[in-house]
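Undergrad: Here's the letter readout for the chains.
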Amino acid sequence: MTISAQKAAQQGRRTSLARGRSRTAYLLLTPFILVFLAMLVVPLVYSGYLSMFKRTLVGGETFVGLQNIISVFTDQRFLEGVGRMTVFFVVQVPIMLGLALFIALALDSGRVRAARASRLAVFIPYAVPGVVATLMWGYLYGPDFSPIAQAFKAVGLTPPDLLSSNLILASMMNIVTWEFVGYNMIIMFAALRTIPLESLEAAQIDGAGQIRTALSIKIPAIRQAIMLTLIFSVIGTFQLFNEPSLLSKIAPNVIGTSYTPNLYAYSLAFVNQDPNYAAAVAFVLGALIMTVSYVVQLRGRRKVSA
Amino acid sequence: MSFFSTETARKSKSLSDVRRRKRTSKLTTVLVWACAAYFLLPLLWLAISSTKSNSDLFSTFGFAFGNEFALFDNIASVFTFQDGVFLRWVGNTVLYAGTSALIATALATAAGYAFAKYDFGGKAAIFAVVLGSIMIPLTALALPTYLMFSGMGLTNTPWAVILPSVVSPFGVFLMRVYATDSVPDQVIEAARIDGSSELSIFFRFGVPLMAPGMVTVFLFALVATWNNYFLPLIMLSDSALYPLTVGLAQWQSMSAAGGGSQALFSTVITGSFISIVPLIVVFLYLQKFWQSGLAAGSVKE
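Just so you know, the protein sequences line up as chains A and B, in that order. Going letter by letter, the first sequence gives residues 1 to 306 in our numbering. Going letter by letter, the second sequence gives residues 307 to 607 in our numbering.
Hints listed in this document are in silico derivations from the structure and should not be mistaken for laboratory results. Wrong hints could be hidden among the right ones.
Where chain B lies over chain A, by a calculated footprint (3+ residues, C-beta under 8 Å) [as the list claims (entries may be wrong)]:
hint	region
1	41-51
2	163-176
3	246-258
4	275-287
Source: prediction; values computed, not measured. Backbone N, C-alpha and C fix where the C-beta goes; we use that ideal spot for every residue, glycine too.
Just chain A, same shape as in the assembly (with noise of 0.2 Å):
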């Protein structure tokens, strides 16, 4: 055999070899794929579908194309439902997210006694489940058996009305930071913990204290953790719905059908019997986080880069 004819059978192995390697990989995809064109995409593509029709007593099922879509940016009771998430983003988000990093530094510098034992406090409530949290809460807000109308009526206050429309956002934002600082925590904590040493101890040998260490090198280095946590605080914000759900049992005078754009969703399609309509607030609010998701990835790259 010639050089080049053995070049080209070797060749022909290899390219024979390269496709029977794809063909594994495509094979140990293929489930995964399967469901997720499932139960992702085709419900997706299945909502948008949805949004175009409307269901009328006399004419059955209409295409109305864009209308519902349309209808949805005017609607005030879905306005007001983002507007309110939008607050409890605004506010919420930065006290959450603050208080985990807070706790993360603090555990990392080891300068906290029984470090192990406060972070697994901090995170054990991740695996309280929504309803638990907020049921446990509720029973806390009430007036009748709750530790803390009975600590304010022992000194002879009046106990602050935790359920009353002033207060039930606030009261809503106490139990999701509740919930979600400890998960929060850890993520920044195992990303903290895999800094290299090197850049912290030349810190120390520039006489930088906890603090100015802290600010200029650990929370730069995990700036990615960070962002990882600012998505999935968009995402749970602004679909929020076991809280009001539940809340809005004990205190239904306050927390109306669409206190949140998903609760909105949620009494359209199964007290309105309304599913076009309720699909396109859905997919509004779908892509709205997205978007949002989108732009604060967007601006959080920007910073890196600047």
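Using the hints, position chain B against chain A.
TA: Relative to chain A, chain B alone:
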């Protein structure tokens, strides 16, 4: 840089912790402990309240024990109320969460390994789509999924809760990172030279090496389904099929409706307490897995 490839950095860092530990700060310690108290006190209240009778709940201070120790009476009433439906809810929760977490882990492991260890056409594009889908809010999907399922007669069956829960894009992402670092290319090459087929390499070498990462993905998929309320709420109408979250919420609204069902308070509280114990135990027991798994996800883009 990822958590798994920086084992040495971490080890040398914990040495420096030993050095630093001599200088614990009182102020920082007090602040962190105050935070820890904020997270633990409500759970302590829940634990204490589950030992109280309904009347003690109203007449004694929240963080003090009642006049009688009613924990066992309360547990008995949780498990006997409405013909013992609570036990069914426990079983349903374990079934839904366990099954979907197992399937989600298997799918994510295979896909993550394929992304990490193979080159194939469209790899970058497919991965980008999967990663981008993390941003799709699940509740935007729940409604159309419900309408689809009701057309197929799948609503009000366990599948209605399990099927949507087996897709875990974040799990695929974690497993890709994990496979990259924990399955050495040399091992795969050596097995190829020995004549092993690609699939048997995956099962005989890949899976055992990826086991710790799989535990992490399993755990987070388990929690996601265990704690899910929205999906089972819209999918299930038969209370015998409810998971704990939907069942407890139903009991709460019964007790909130007040009147004759006031005696339900201690039952709801004890039921809530019982429902959180298993997950807390699992998390404490498997600490090192979820902590390292999250680390992998948080560091890599």
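Undergrad: Next step is simple, just say for each hint if it's right about the structure.
TA: Now the hints, each set against the structure:
no.: 1; hint: 41-51; result: holds (count 6)
no.: 2; hint: 163-176; result: violated (count 0)
no.: 3; hint: 246-258; result: holds (count 3)
no.: 4; hint: 275-287; result: holds (count 7)
In terms of the numbered hints stated before, the structure departs from hint 2 and from no other.
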